[in-house]
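Asks: Letter by letter, the chains look like this.
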Amino acid sequence: MPTFVQILDFIGTFAFAISGIRLASAKRFDWFGAYVVGFVTAIGGGTIRDLLLDVTPGWMTDPIYLICTGLALFWVIAFGKYLIHMHNTFFLFDSIGLALFTVVGVGKSLALGYPFWVAIIMGSFTGAAGGVLRDVFINEIPLIFRKEIYAMACVIGGFVYWVCHALGCESYICQIVAGITVFLSRILSVKYSICLPILKGESK
Amino acid sequence: MPTFVQILDFIGTFAFAISGIRLASAKRFDWFGAYVVGFVTAIGGGTIRDLLLDVTPGWMTDPIYLICTGLALFWVIAFGKYLIHMHNTFFLFDSIGLALFTVVGVGKSLALGYPFWVAIIMGSFTGAAGGVLRDVFINEIPLIFRKEIYAMACVIGGFVYWVCHALGCESYICQIVAGITVFLSRILSVKYSICLPILKGESK
Amino acid sequence: MPTFVQILDFIGTFAFAISGIRLASAKRFDWFGAYVVGFVTAIGGGTIRDLLLDVTPGWMTDPIYLICTGLALFWVIAFGKYLIHMHNTFFLFDSIGLALFTVVGVGKSLALGYPFWVAIIMGSFTGAAGGVLRDVFINEIPLIFRKEIYAMACVIGGFVYWVCHALGCESYICQIVAGITVFLSRILSVKYSICLPILKGESK
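First to last, the sequence lines map onto chains W, B and L.
Under my numbering, the first residue of the first sequence is numbered 1, with each subsequent residue one higher.
Under my numbering, the first residue of the second sequence is numbered 205, with each subsequent residue one higher.
Under my numbering, the first residue of the third sequence is numbered 409, with each subsequent residue one higher.
If you are wondering where the hints come from, they were derived from the structure by calculation, not from laboratory data.
For glycine and all other residues, C-beta sits at the position ideal for the given N, C-alpha and C.
Keep in mind that the hints are not guaranteed to be accurate.
[To be verified] Dumping the calculated EDC-like pairs for lysine to aspartate or glutamate here, alpha-carbon to alpha-carbon at most 16 Å: (1) W:Lys-108 x W:Asp-54; (2) L:Lys-516 x L:Asp-462; (3) B:Lys-395 x B:Asp-258; (4) L:Lys-435 x W:Glu-140; (5) W:Lys-27 x B:Glu-344; (6) L:Lys-599 x L:Asp-502; (7) B:Lys-231 x B:Glu-344; (8) B:Lys-312 x B:Asp-258; (9) B:Lys-231 x L:Glu-548.
[As the list claims (entries may be wrong)] Short derived list, chain B residues pointing at chain L, Cβ under 10 Å: (10) Ala-228; (11) Pro-261; (12) Phe-341; (13) Ile-342; (14) Ile-391; (15) Lys-395.
Just chain W, with the same shape it has in the complex:
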């Protein structure tokens, strides 16, 4: 039986893969290319984290991520035309994935003995770096650098994790509170169009 966290991990991977595959389809990639972009979106952040932490990336020890991406591709091929009407559903899943991946990244880094400021960065990589790789592959300026609160939500969640931990909370309490913080930061920032100030551009 999969645990509750594994089910959330499955949902997050699926949602991230869908997001990569949909953008790939907008660029007219073939099935294989779309699969690769979906997979990179789903596991890219965790892989960069694991390379930096010098541990074996999770997807190399469990084929579930490959299978998940395959299901996501099948889903887009089969139900692509209905997906447009499910924008809100996927936004919700994507936000759940972001929250979960962040918490997993922070927790893994702390378990390996890294200080909190490293763990917060690693949590943000886990949540947001997959989307950056996706945008590099499809040759777009990464969206997270220009729009809405996205990676910033991971950073906020990481700080909340830190505060909870400093207040002496149990590990699972820290994780739940941090996850909810990421999720709400993301949802509310989109709902109320909260964004960071644009850096005033000098002409190059």
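Fit chains B and L to the known structure of chain W by using the hints.
Replies: Below, chains B and L without anything else, positioned relative to chain W:
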């Protein structure tokens, strides 16, 4: 005396470097930039594989890859105008390189004790990821995501390796059969314009 | 008390971060995005080097790089409009950073027992790869491939390090001479518009 595999490795590196240098020249890179792009095309896939497998990349233990890229650059500078007429020759070399790099990647991963599904992915990285890095550097959407059977040929070759191994074949038999499979998949898919279906694009 | 090298490291990091943040502002990134691009520009080269050398990246053991990037962002936000008139000052800082990062990269690789030709490549990565990552993120063809002597200055400095070492110089003499070589190569090549030949482009 170099072994047969080393000679094939030399040819593959040379062909991959040429492919990077030619695309760099089309973008009007200088000699140094073209060298770097050629080098990355040749060793990029193997480097990503070795980072993931947590071993020292091959090019850091043997300067042959640097020398090979240097020869490729010299070749393009000296004989550039004749290269256009040698398209078929380089396509052949490139396909040999793809086949060899895939087999090397699969073999190295299995030798390190990884399961077959990881080995197939690593073989595909070895063969195809250099070209993806090349296309990111020259700011194009990676070709392998949109055109022909390329990385797919690596995956097919990896599966054939697996089947041969499961049937109890010797290691060198698996390698030869898998290599020929990659080579033929690539050649035949180009000759008969076989490609994967494009994912139907929703407008973003 | 910080040492002399630490102060130079601080200056180099600051200058590299400014360079990333300025380019990000020209693309209208938000504050967070600009911070990330600045940080990647400053620590990207050293991180790639450390991944290849299989050691923990320096910025994961000391928060000074994060703080430095924060100061750089504050600087651009507060004094952005004056920065244009400080182009020469930043060019100077950037060249100091390039020189220092190269020397640090060569020294670290030698200390880990790698041969000189690997150390020269690692020095060049340390100096120049951050700028390549920056250009990939802002979706431009990396400048160093097309303009002026930049990464080439790192390679020249690395060779000079090697020569000094072969002549039996003390380690700190090698470092000073190599650093000055990188610095002067960069400054003089820009002053006298020295560049490498462009590779004659075939039309693709």
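Asks: Looking back at the hints listed earlier, which ones does the structure fail to meet?
Replies: 3, 14, 15
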